Amino acid sequence: MEQERDGRIGRRTLLQWGVAGVVVAGLSAGTQSVAFAAPPSPASGPLSLGPTPGGLTSILVPGASQAVEVPYDLGVTISGGAAGLAGGSVLTFQFDPLLYDLTPQVTATSGTGTLPAAGQPATTDTRTGLTTATVTLNDAVPPGGTATVIVGHLRPRRYPYDIVRGFKQSEAAVTDHRTKERRSRGLSGRAAAPVNEQPWGFEAGVLWQPIAWGSGFRSYCAREASVHSTGPGPVPAGYRVRVMADPAVVRSVRVLGAFDGAAVAGSAADLALPGVRGVEWTAKSPLAAGRRVRLQLAVTVAAPGGDLKSIKHPMVELIGPEAHRGAQRTTYLESVIRDDSIYDAETKARFA
Amino acid sequence: MDLWVKNAQIWVNNTYQNVSGYVPCAEDGITGWQTMYSLTRGLQHELGITALSDNFGSTTMSLMTTFGPISKNTTNENMRELVEAALYCKGYSGGVIDGTFGSSTQSGLIAWKTDMGFAASGNDNAVSAKEMKTLLTMDAYSLLQGGDPMVRSIQQWMNATYIGRQAYQIVPCDGYYSRNVQFGLVLAIQYSIGMADGVANGNFGPGTRDGLLNQGTVTVGSTDSGSQRFVKLFKAALIFNGQSGVDWGSTTFTSATSTVATRFQAFCKLPTTGIGDYQTWCSLVVSTGDTNRVGKACDCATPLNTARAQAIKAAGYETVGRYISHGIINGVDKILTAAEIGVIFANGLSFFPIYQQGNNAVTSFTQEEGEAQAQAALAAARSLSLPFGTIIYFAVDYDATTEEANSFVTNFFSGVRLVFDADDNYYFIGVYGSRNVCSIISRQGYAVSSFVSGMSTGFSGNLGFSLPSNWAFDQISGRTLASGAAGQIAIDNDIKSGRDPGVSSLTVGVDHNANFISWVQWIEARAQEWASTHSGNSVQELTAQFIRDFPAAGRYDSSDFDEVSGPIDHGFRDYCVAAGASQPDVLRCPKTSLFLDHQHFGASLGSVFKYAVNSDRTVITLGDFGSWAGDLITASADFYMSGLDYSAAYDFAYTRIGAPHWEDFSFTGGDVLADVDAMVVGLAIRADPARSISGLLAAHYANAVTAADKYLEFINARFGSEQTFADAIVKVFTQGAMEGNDYALFREALWDFNTHRLLAVEYVQNMDLFEDTMQAFFDKYNDHFVN
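Protein sequence lines correspond, in order, to chains A and B.
Following the working numbering, the residues of the first sequence are numbered contiguously, the last one being 428.
Following the working numbering, the residues of the second sequence are numbered contiguously, the last one being 1204.
Heads up, some of the hints might be wrong.
[Unchecked claim] Footprint (simulated), chain B over chain A, 3 or more residues, beta carbon under 8 Å:
no., stretch
1, 235 to 244
2, 282 to 296
3, 302 to 311
4, 338 to 347
5, 387 to 397
Calculated directly from the structure, the hints in this document are not laboratory data.
Since the structure is predicted, the reported quantities are computational estimates derived from the model, not experimental observations.
Glycine included, every Cβ here is placed at the ideal spot set by N, Cα and C.
Based on the sequences and whatever the hints tell you, model everything.
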């Protein structure tokens, strides 16, 4: 029950298969504000579908609008209700392949045990683009019992393709093999708290100053750190730049100034974290998309005696203002490190 | 921001905040290194370690191994919760962070393990010590943007094959060849040599070199058996170095493997034996390659007198790199003088100029500094009467990380470029640095030639990166020539690709465009020879195919591109490589200063050859799809995937289409040039098969006037009028299925591939996006190219 999908983006490779007979379908469901059902019904209630124990994550959408929450799991928890669910019942998941990947095998549990289940090959509707995965539950869910069935997981949406445009709601449905009773439930699209700002993100850049001591030992500290605003929205004012180093290697770090062509206003304070030496600079103004702020730093080096028992890897970390995190993109460059310090025999053997 | 990542951060901070040596992470819902280090320190605390560290080193590994795999049966609840928390930080479901290890956690574990290359299923998955280590890093296991699926397959194979060996650590499965992957490759080679656990250490040292020399040679017919996997590893190394056409699935060294090996050897200026010999292994695995090689170029800081020049010449060198900037080394100014140029020429040598003022870790790389150094370099070059077209190499003489290269170093070179552009590109820009730095700066269009500091094998920028495609000099070792004699001189030994022959005369400039045209003429001559004994392709088709596939083979070579641009005659390609095909020079548009992406040009030319223009010139065919129309589709897809509001579509497209360079955009200047040239040249040859590609390019690139005429000819020859051009642009997105014309099918497939969406549906819903992009293309083409 596996999809084959090459995640590479670009014109350099084309798909060999074409799409036959494209028909302009109706509008897609888009992002609907449908929350999950309440927790599974009690033993005396009807057959119902609910969320899996897995969490929800938010997906950024274009424009100044709401982020949308979707579950990590493409799955449901089935409550058998008073009558239970017969063996041979069929579960279907209709989902947007932009959001979810199918796992090689179904994960189905009932209570603490495995629930035998068999998946069929997934099919894609060329009119809508939605994919349907079908699972047959070989064993029954007893009256009052529950079963959790997971057929896929959220497709990684790594930057710069993390803002999702117009994805379609996923839906699960179960049909009881004995009674033919059918239940369905939308699986995604709960709107998060309104964000009212465009998605924004930042990336760190660092110019490292090597620090040598003793016989072949070496670490680093940031000599310059930069913040690049990825857009589309500006990085809000109040973002912070943390410059961290090991106290055994660095005595202090000072911010000499911040520049983006001209001087950029901000305030600096020594880092008050245990086991860390460094400085934290807070920006007073936003950073427009595409712009880069550079912090010039002055490093006062300590004088380690020789090898060290442990190391705090030198790091520059960017932290967004809390009030704006709902719209923050994850670029995976919010923190940059040097992990090739030479501070003991093991690292000397590896990096010298 | 991810709520469950934030929950994980809150959990780890709350759990370990009172532990001595614990460093908390920001609770911002963003996965970063500090979050991973906080989890690592939490793990170390659970293992009983008191001196907590960011490093998951040998002590942590040893204790973790003794502890055993973490599963739902592990009694230490915090250990189970550490796994659940870390899974979210890696982008996988961890269930509820309560240590239950329930179905959601199991699903997340299965997805993660499968991505790493391991088999996983069921409801009782466990996390081993090595898996725990890799879980607490920022390594990715899904294909990253720009990653190679074939590289990912190998990464997964390596993990599955070598996980049981002591020193082997799980490598990322992101589709990128990187330092840790290279480390794993060397370990794998050491295991095949027979090095035991405890001996194999991932360093390409004398023992490994000897082992390859004595055991590693693989030829056609060689097959892997048992723990010896030289064939698979040789193929992996070829793929890691960007070579395509490798039959990865087989454990036999086939003729196909030999063909690819020959291609790689030719690229690296190695003897083209077609076998996996020692020198080829070295060049695949480490940046110096076999350091016993003696190149045809060298560089030195010592000014040359007659004796030294004679010593260099006698040692077999042709070209010497010399500084055109001041600097006192051992009491002597390193700068090149007019007198020294005379000595160089008198001894039959050429030279290439290097500009370096510091440019090491303690110097700021800024745009202003780049401008200043460029100004000084131009002044020095002019004072020495260096001829037009000379490539001046600017140094990045330290181990710049990728982040530094993409930020500070890029800013520096943008400043250099500004000054050189203002000087009407009388001289060209080269870059000296690690493989990674050279590739980044070249890819951004700032440098046309690379001088690689391959000698610095420990540079992170040389670990896990292949030679840049535009390399001219590869610095691999240091030597002292004429030791004890009058001409004694310390030099750096450089392999020379031939891309930059250096300056051999002050009165004859380097016409890079003429060099490129000569290269095309050379291919046409080989095509004439080949076509005389092989039917199926015209001389022009063969020439276009070679241009499309050299030097970076595989860029436009797949069954998909065969459909659009025609299949490549690989026999002809091999024929040209065997005949000594040189690296092409650059071709620069005299009007726009853009550099042609010649491989793109070759591919697009193939599609124009293959598919005729419809009598209704507004109709889009696969000939257009293989050139400008296909690029317009992907440009629109780039915007679609950007997440920007639709109101930004016009500006997005207008600023990027035809720009000299733009990261993550597929229709920049080199692409426009390639599409226009392909259509103009292709249609001219269709009209008169006696015409040659080289002749047409020479005419169009002669001067700014002929270049301007060409942009107008694109409209007139293909469309007939501006109005038809505009109408055809609209049809790129609106043309329906037509009998005998598969364009609509390919358009849908391309759009779906890039966006996972149906174009027909999106066009109805989001017409603004497409209309604005079409308009931007039409406006930009007229504003920037025609006018």
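Okay, which hints does this one fail, numbers in order?
-> 4
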